[in-house]
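A.B. asks: Listed below, chain by chain, are the residues.
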Amino acid sequence: MFNVIDKKMLAAVADLHGIPQGAYNIRKNGQGVERNTTANIDIVTKKDKPGIDIIVKPGTKNESVHIPVILSQGMSDMVYNTFEIGEGSDVLVVAGCGIHNSSSQTAQHDGIHEFFIRRGARMKYVEKHYGEGDGSGQKVLNPKTIIEIEEGGSAELEMIQIEGVDQTVRDTEVRLHKNARLIVTERLLTTSGQNAESNITVELIGEGATAQILSRSVARDDSVQVFHLNMRGYAPCRGHIQCDSIIMDKARVSSIPEITAYHSEAELVHEAAIGRIASEQLMKLMTLGLTEEEAENTILKGFLA
Amino acid sequence: MLQLKNVNLTLEGEQGKKQILKDISLTLEKNKIYVMTGPNGGGKSSIAKIIMGIYQPTDGQILLEGEDISTLGVSERARLGIGYAFQQPPRFKGIKVKDVLELAAGDNAKVNICDLLYDVGLCSQDYLDREIDASFSGGELKRVEIASILARKLKVAVFDEPEAGIDLWSFQKLTETFENLNHMSDTTIVIISHQERILRLAHQVIVVSEGMISEITTPDKFLGEIEKLETDCRCKNNCTFIGGRTDVQCDR
Ligand SMILES: Nc1ncnc2c1ncn2[C@@H]1O[C@H](COP(=O)(O)OP(=O)(O)OP(=O)(O)O)[C@@H](O)[C@H]1O
Ligand SMILES: [Mg+2]
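Keeping their order, the protein sequence lines are chains L and Z.
Residue 345 in our numbering sits at position 50 of the first sequence, and the numbers go up by one each step.
Residue 135 in our numbering sits at position 132 of the second sequence, and the numbers go up by one each step.
I should point out that these hints are in silico values taken from the structure, not numbers from a laboratory.
Any given hint might turn out to be false.
Stated by the list, open to error - When the alpha-carbon atoms are kept at most 25 Å apart in a straight line, the in silico BS3-like pairs for lysine-lysine are as follows:
1. K158/Z - K113/Z
2. K596/L - K99/Z
3. K419/L - K302/L
4. K8/Z - K419/L
5. K545/L - K96/Z
6. K156/Z - K224/Z
7. K101/Z - K596/L
8. K596/L - K158/Z
All chains, please: the whole structure from these sequences, using the hints.
C.D. replies: Take a look at the structure:
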C-alpha cells in the first residue's frame, strides 16, 4: 500500500487525501497498484504496451477519473494512456506525476496521453507535476498530450508544474472540429538549474472552433524556459494565446509565438510578455508593511495561482 | 506628528540630475486634515513619496513623533504607521481585492473588509473575489487603493488625488469617509487634491509649486484667491496665481 511519502505525493499531484471517489488507477514505480472502475467508466490494461485505456460511456455526467503516477526511486517509466470520452459526457480527469528521488540515479516518467473527445462531450483535465527528494539523481518528466475534439465538444486543460522537476519537455497537440472549444491554463515555476520546454500546437479545423491558451510562468535562479505556442486556423475560428512570464535572477525565458491563418475568417491573436516583477507592485505591498521578500513572494504566489 | 525639516530631493532624470524638492519644511499634526494642492509637476507626489520612504531625501530630516525616520525604508515606515494611497496604483495579476485588504488590515482586528468597500462606494459582494488585474477600471482601482489605506491603523495617511476618476455619487461618500476618519481617529490626514469639496475639509491648505511650498493657508482664503483669478483674468488661459501674491499674473 502507500507509505507517507507516497501519500504526500498523491496529495500534491492529485489532491488525493485517501482513496478517490469514482474511477481511478494509481501507478507506482512502473506498476499499476490500485484500480477502480465504475458502471460508466472502464479502465483496461493495454496488451501491446505499458499503459491503460480509459473508456467513458456516452452520456456519463459528473464523474471523475484519477490516474496519478508516483516514482519513489531512480528508474525510467514510460506509459501510453488512451482516453475515450463518450458522446455527450461531462467528466473530470485528474492526472499528474510525483517523483520522490533520493537516489543518485535519474527518475524519469514519459507519459503519452491521447484523448478522443466525442461529439458534445466536455472534459476538464488537471495535470500537476511535482518533484522532491535530496538525492543527486535528476527528476525528469516528459508528458505528451494529444487531443482530438469532435463537433461541439470541449476541453479545459490545467497543466501545472510548480516545484522540483529538473528537466521537462511538454508537448501538447490539439485538433478542434466544428464548434469545438479549448481552454488551456498553464503554470510553470522553475528554479536553480532546471530546464522546461513547453510546445503547444492547436489546430482549429472546424468552423466556429475556439481556443484560448493562458500560460504564466516564473523563472528563477539559473533556470531556462522555452515556450513554442503555435496556433493554426483552417476555418472561420477564433484563437487567443496569452503568454506571460516573470523573469528573475539569472534565468532565461524564450517565448516563440506562431500563428498561422489558412482562412480569411480565422481570427488569431498572440500576446507575449516577459519582464521582472514591476517595482510599483513591490512598492505598493511594501507600503502595507511587507518586506521586499514577502512582497515578492505574495506577487509570485498570486501570479501562479 | 510628522515633521519635514529642510528636505531636499534631487533625482537622476533623463537629462541628468534634477532638483525635485527644495528646502521643504512642514509640521503635520495629529487629528488634522491637510490638503496639498498646486500645479501639475509641482512636487506634491514627491513630498508624499518622501514621507512614505519611496524616495530618500538628498538632505534634510523627517521626524515621526520626534524620532528621526529619514533613513528608514518603506516597509519600516509602514510598520511605524505611515500609509500612502498611490496616485496611480499598480494592478496585480492573480491578486484579489480581499487579499490586498487582508494584507493591509494585518492584525488590525477592528476592520471589516466589507465595510471598507462600502466606505469607498463599492458593493463588496461583487468585488472581494475579483483580481486587481487589467479588467479593473481606473475608478475601481482608485477606490480599492483608498480602502487599502482605510484598512490600516495609521499615524499618518497620505492620499494622492483620491478623487481622480471617481464618480459623483461616490465622491460624496468619499468626503464623508475622510470626515469620519478624522472624527474617529487621531490620524494625521494628508490629501493631495484639486477639488473644492476636498479643499473645504482642510484645516490647512498647503500649496506646492516648483518643488517648494509656496503658501500655507486656509480653504476660504485659498478658494477666494482662485475666484479672484477667475474674475480678474480675462484670457482664462495659461494664467497662474502664484501662491502668496495678491495679484493675478495674466499673459494677455
Ligand atoms: N523618479 C523621477 N525621476 C525624475 N523626475 C521625476 C521623478 N519623479 C518625479 N519627477 C519630476 O518631479 C517633478 C514633480 O513631480 P510630482 O509627481 O511630485 O508632481 P505633482 O505635483 O504630484 O504633479 P501632478 O499634479 O501632475 O500629480 C516633475 O517635474 C516630475 O517630472
Ligand atoms: Mg502627483
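A.B. asks: Could you run down the list of hints and mark each one as holding or not?
C.D. replies: Hint check results:
no.	hint	in the structure
1	K158/Z - K113/Z	holds, 16 Å
2	K596/L - K99/Z	holds, 12 Å
3	K419/L - K302/L	holds, 24 Å
4	K8/Z - K419/L	violated, 62 Å
5	K545/L - K96/Z	holds, 23 Å
6	K156/Z - K224/Z	violated, 32 Å
7	K101/Z - K596/L	holds, 15 Å
8	K596/L - K158/Z	violated, 30 Å
Hint check: violations occur at hints 4, 6, 8; the rest are consistent with the structure.
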